[in-house]
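2 protein chains.
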Amino acid sequence: MNVLGIIAEYNPFHNGHLYHLEECVKRAGADAAVAVMSGNFTQRGEPAMMDKWTRSRLAVQCGVDLVLELPFAFAVNSAEHFAKGGVGILSGLGCVTHLGFGGEQGTLEELDAIAELLAKAPSEYQQTLKEFLGNGDSYPKAREKTVERMLGKRAAELSLSPNNILAIEYLKQLKTLDSSIIPIMVNRKGPGYFDQRPVGKIASAMAIRRQMDKQRRMDYVPPPVKAALPKAGDTSGYFQLVRSAVLRCREAELAKIFSVGEGLEHKLKKQIRTSGSLEELVEAVSSKRYPKARIRRILCQLLMGLTAFEPVFYARVLAAGEKGTRLLREAKKKSGIPIITNINKEAHLPDLLSYDTLSGDIYNLLTGHDLYEQCDQVKRPYIEVGK
Amino acid sequence: MNVLGIIAEYNPFHNGHLYHLEECVKRAGADAAVAVMSGNFTQRGEPAMMDKWTRSRLAVQCGVDLVLELPFAFAVNSAEHFAKGGVGILSGLGCVTHLGFGGEQGTLEELDAIAELLAKAPSEYQQTLKEFLGNGDSYPKAREKTVERMLGKRAAELSLSPNNILAIEYLKQLKTLDSSIIPIMVNRKGPGYFDQRPVGKIASAMAIRRQMDKQRRMDYVPPPVKAALPKAGDTSGYFQLVRSAVLRCREAELAKIFSVGEGLEHKLKKQIRTSGSLEELVEAVSSKRYPKARIRRILCQLLMGLTAFEPVFYARVLAAGEKGTRLLREAKKKSGIPIITNINKEAHLPDLLSYDTLSGDIYNLLTGHDLYEQCDQVKRPYIEVGK
Numbered sequence: 001m002n003v004l005g006i007i008a009e010y011n012p013f014h015n016g017h018l019y020h021l022e023e024c025v026k027r028a029g030a031d032a033a034v035a036v037m038s039g040n041f042t043q044r045g046e047p048a049m050m051d052k053w054t055r056s057r058l059a060v061q062c063g064v065d066l067v068l069e070l071p072f073a074f075a076v077n078s079a080e081h082f083a084k085g086g087v088g089i090l091s092g093l094g095c096v097t098h099l100g101f102g103g104e105q106g107t108l109e110e111l112d113a114i115a116e117l118l119a120k121a122p123s124e125y126q127q128t129l130k131e132f133l134g135n136g137d138s139y140p141k142a143r144e145k146t147v148e149r150m151l152g153k154r155a156a157e158l159s160l161s162p163n164n165i166l167a168i169e170y171l172k173q174l175k176t177l178d179s180s181i182i183p184i185m186v187n188r189k190g191p192g193y194f195d196q197r198p199v200g201k202i203a204s205a206m207a208i209r210r211q212m213d214k215q216r217r218m219d220y221v222p223p224p225v226k227a228a229l230p231k232a233g234d235t236s237g238y239f240q241l242v243r244s245a246v247l248r249c250r251e252a253e254l255a256k257i258f259s260v261g262e263g264l265e266h267k268l269k270k271q272i273r274t275s276g277s278l279e280e281l282v283e284a285v286s287s288k289r290y291p292k293a294r295i296r297r298i299l300c301q302l303l304m305g306l307t308a309f310e311p312v313f314y315a316r317v318l319a320a321g322e323k324g325t326r327l328l329r330e331a332k333k334k335s336g337i338p339i340i341t342n343i344n345k346e347a348h349l350p351d352l353l354s355y356d357t358l359s360g361d362i363y364n365l366l367t368g369h370d371l372y373e374q375c376d377q378v379k380r381p382y383i384e385v386g387k
Numbered sequence: 001m002n003v004l005g006i007i008a009e010y011n012p013f014h015n016g017h018l019y020h021l022e023e024c025v026k027r028a029g030a031d032a033a034v035a036v037m038s039g040n041f042t043q044r045g046e047p048a049m050m051d052k053w054t055r056s057r058l059a060v061q062c063g064v065d066l067v068l069e070l071p072f073a074f075a076v077n078s079a080e081h082f083a084k085g086g087v088g089i090l091s092g093l094g095c096v097t098h099l100g101f102g103g104e105q106g107t108l109e110e111l112d113a114i115a116e117l118l119a120k121a122p123s124e125y126q127q128t129l130k131e132f133l134g135n136g137d138s139y140p141k142a143r144e145k146t147v148e149r150m151l152g153k154r155a156a157e158l159s160l161s162p163n164n165i166l167a168i169e170y171l172k173q174l175k176t177l178d179s180s181i182i183p184i185m186v187n188r189k190g191p192g193y194f195d196q197r198p199v200g201k202i203a204s205a206m207a208i209r210r211q212m213d214k215q216r217r218m219d220y221v222p223p224p225v226k227a228a229l230p231k232a233g234d235t236s237g238y239f240q241l242v243r244s245a246v247l248r249c250r251e252a253e254l255a256k257i258f259s260v261g262e263g264l265e266h267k268l269k270k271q272i273r274t275s276g277s278l279e280e281l282v283e284a285v286s287s288k289r290y291p292k293a294r295i296r297r298i299l300c301q302l303l304m305g306l307t308a309f310e311p312v313f314y315a316r317v318l319a320a321g322e323k324g325t326r327l328l329r330e331a332k333k334k335s336g337i338p339i340i341t342n343i344n345k346e347a348h349l350p351d352l353l354s355y356d357t358l359s360g361d362i363y364n365l366l367t368g369h370d371l372y373e374q375c376d377q378v379k380r381p382y383i384e385v386g387k
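Protein sequences appear in the order of chains A and B. All letters in the first sequence, in the order written, are residues 1 to 387 by our numbering. All letters in the second sequence, in the order written, are residues 1 to 387 by our numbering.
These aren't lab readings, by the way, just hints derived from the structure by calculation. Any given hint could be a false lead.
What the hints assert, rightly or not - Within a straight-line C-alpha distance of at most 16 Å, the following computed EDC-like cross-link-like pairs (lysine to aspartate or glutamate) qualify:
id, chain 1, residue 1, chain 2, residue 2
1, A, Lys120, A, Asp178
2, B, Lys269, A, Glu373
3, A, Lys270, B, Glu373
4, A, Lys269, A, Glu251
5, B, Lys269, A, Glu251
6, B, Lys270, A, Glu373
7, A, Lys269, B, Asp370
8, B, Lys231, B, Asp213
9, A, Lys269, B, Glu373
10, B, Lys270, A, Glu251
What the hints assert, rightly or not - Derived coverage of chain B by chain A (criterion: at least 3 residues anywhere in the stretch with Cβ under 8 Å from a Cβ of chain A; other residues may be distant):
id, stretch
11, 86-94
12, 271-277
13, 360-369
C-beta atoms are modelled at their ideal positions from N, C-alpha and C, and glycine is treated no differently.
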């Protein structure tokens with residue numbers, strides 16, 4: 001039985017995702033598809049436009065068979081950690097045969113060569129990297145230059161586009177785990193990650209979230225999502241929560257937040273007073289060393305109190321179709337990681353899970369959802385019968 | 001030179017406060033009056049209706065010569081700590097000769113006898129107290145019964161009314177410090193602490209805050225307050241901040257919050273999900289052991305992260321008239337405690353001060369005040385010239 005794995009945010013699930021899913025299923029000859037999906041907060045370090053229960057249900061209604069939560073600690077983190085979490089869970093399940101992801105340019109072979117270099121990190125790689133870092137380059141810049149010197153200009157260019165960054169990290173994690181999962185890369189159809197203009201019936205998730213009026217965006221999502229979009233919660237109170245968290249966090253505690261390196265704590269504490277919006281704050285605090293996306297993630301990590309953590313993998317079920325529930329039974333026999341369907345029934349919960357439940361609570365507080373009915377201790381996975 | 005000290009909240013300053021101030025000044029033959037006033041959060045564990053800078057300015061405009069901040073750790077705390085902070089600061093100044101406070105019933109001598117018993121706590125007192133506690137009485141109840149057994153029924157009754165509770169604590173602190181400050185008790189004129197109905201031109205602060213329409217409350221406050229009342233900030237977002245703080249605080253951390261004793265953390269974590277307002281939450285969590293006022297204070301302490309603290313005294317200036325600035329110069333020579341007019345100029349700030357500045361920030365966030373212009377690091381004391 002072939003099982004396709006996907007790592008996604010589905011924020012929201014749109015026609016591009018549907019195309020990607022169907023294409024990957026076809027190429028993998030897959031009997032079922034399982035997605036590991038970010039929870040209520042995304043890799044951009046922002047509240048998702050719909051909560052994880054809704055997004056996972058929509059994914060199942062759009063054709064995914066099983067949706068597992070990518071734990072907060074991996075999801076709201078760098079591409080490397082995001083990939084580590086996603087691949088770690090899919091690999092841990094023991095029944096996933098293929099991993100499907102998107103690419104922007106280049107072939108799987110080209111990206112694989114870069115991933116090989118990063119995974120093995122031979123001494124020449126390390127020395128070159130050290131050299132560029134010593135010259136004052138930021139880590140991503142030094143890495144890009146090292147890739148360029150060792151694999152050429154095209155490889156360096158390929159390693160920079162958003163989807164490729166993730167693709168390379170997925171490939172790297174598969175190598176690190178010495179996994180037998182077969183990678184499948186489907187090149188993005190339609191607009192790029194940052195593109196605001198739709199191509200045909202496909203628009204980027206970012207464009208759907210931000211640029212479109214409520215009627216127009218309906219053209220770019222499958223029917224189940226059309227029905228759910230108007231009910232998306234208002235997350236405009238997020239900055240108020242972030243500000244209160246930054247104000248309440250002492251500099252010494254701030255310095256312990258996962259993605260915070262040297263010196264940011266003073267700057268953040270200072271700029272929080274004069275920034276009138278999240279974007280203003282991100283702009284004021286960002287730098288070569290701290291790009292905007294990292295700042296956004298730091299603020300979100302700070303809100304959840306994420307400090308250094310030990311990567312632990314578990315498969316928390318958010319939603320499943322009938323095929324998905326069969327897959328779960330299968331995985332329960334083969335899985336090397338805990339499979340969690342009801343956190344109240346687990347004797348020992350992984351430490352990392354507390355960030356998932358807290359981010360559920362904070363999201364509910366933010367959107368005015370019921371703090372009891374909608375909390376992770378009460379809410380049950382969506383199970384679709386007859387699919 | 002006689003100097004009157006007062007410990008107050010002035011939330012808001014009203015005609016009853018004016019009467020109390022004038023009466024105490026007269027009876028003390030005082031040349032100047034200094035008030036130690038709660039900051040942005042009050043002993044009820046709630047945001048004040050106006051910020052500390054406004055309330056202290058109004059106090060000066062209404063006749064107080066110098067206003068110092070009662071640090072958050074004392075202000076949002078039990079009557080005992082509230083009194084300890086206020087008397088500690090007034091006594092530390094070295095130039096205060098009289099302490100004026102209100103009483104409801106009974107004479108100064110009667111309350112003094114109770115204070116003497118509590119301050120000395122002779123072995124008979126301790127044994128009796130232990131006996132009642134052993135029988136399952138709460139601490140306040142056991143104390144009341146002990147006072148009754150040792151000083152009679154009337155003393156026990158006197159020790160229970162809100163203003164007398166504070167009066168007794170002030171007297172107790174003066175004894176504990178072996179202070180030469182002379183207590184002056186002015187019996188409350190007009191309505192009691194909890195009374196909602198005004199008497200003549202005097203209404204309780206609670207009635208002014210809660211029960212009255214905007215026009216009517218003008219009858220019960222002096223002219224400077226009339227001008228300021230309409231500008232009072234909206235503090236209705238307080239519950240949202242409290243909820244986010246409770247959700248984010250792990251049970252183990254919650255148990256460390258100053259006024260939290262055994263077992264409350266589970267109850268609070270549970271009830272936070274089903275309570276739709278602060279009052280609902282307070283109602284749901286309160287008990288014989290945790291009366292409502294204590295719950296409100298706990299929530300406020302939690303928001304500021306107040307854990308066990310070492311009582312330290314300092315005189316932080318919020319506002320002064322001309323006489324007050326002269327008094328400050330005098331106090332700077334005699335004071336046994338730091339006098340702080342600009343926190344940026346202090347080499348070593350008391351640890352407790354961080355709760356005062358944080359509660360300033362949180363208050364500003366809550367009311368939409370500018371987080372820079374209005375913060376404790378930027379805002380300067382109000383100095384009135386020509387008064």
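Taking the hints in turn, this is what the structure says about them:
1. At roughly 12 Å between alpha-carbon atoms, Lys120(A) and Asp178(A) fall within 16 Å of each other, so this suggested pair holds.
2. Of the supplied pair hints, the one linking Lys269(B) and Glu373(A) holds, its CA atoms being roughly 15 Å apart against a limit of 16 Å.
3. Taken as a hint, the Lys270(A) and Glu373(B) pair is honoured in the structure, with Cα atoms around 12 Å apart against an allowance of 16 Å.
4. For a cut-off of 16 Å, the pair hint linking Lys269(A) to Glu251(A) stands: about 7 Å separates their Cα positions.
5. Distance check on the hinted pair: Lys269(B) and Glu251(A) sit about 27 Å apart at the alpha-carbon level, beyond 16 Å; violated.
6. For the hint linking Lys270(B) to Glu373(A), the alpha-carbon distance of about 12 Å falls within 16 Å, and the restraint holds.
7. Restraint check: the Cα-Cα separation between Lys269(A) and Asp370(B) comes to about 15 Å, which is no more than 16 Å; the hinted pair holds.
8. The straight-line distance between the Cα atoms of Lys231(B) and Asp213(B) is roughly 14 Å, inside the 16 Å bound, and the hint therefore holds.
9. Proposed proximity of Lys269(A) and Glu373(B) is supported: the alpha carbons are some 15 Å apart, at most 16 Å.
10. Among the hinted pairs, Lys270(B) with Glu251(A) is inconsistent with the structure: their alpha-carbon atoms are about 30 Å apart, more than 16 Å.
11. Counting residues of the stretch 86-94 of chain B whose CB lies closer than 8 Å to any CB of chain A gives 0, so the stated coverage by that chain is violated, three being the minimum.
12. Counting residues of the stretch 271-277 of chain B whose beta carbon lies closer than 8 Å to any beta carbon of chain A gives 3, which meets the minimum of three for the stated coverage.
13. A stretch counts as covered by a chain when three or more of its residues have a beta carbon under 8 Å from one of that chain; for the stretch 360-369 of chain B and chain A the count is 3, and the coverage holds.
The structure fails hints 5, 10, 11 (numbered hints given earlier, in ascending order).
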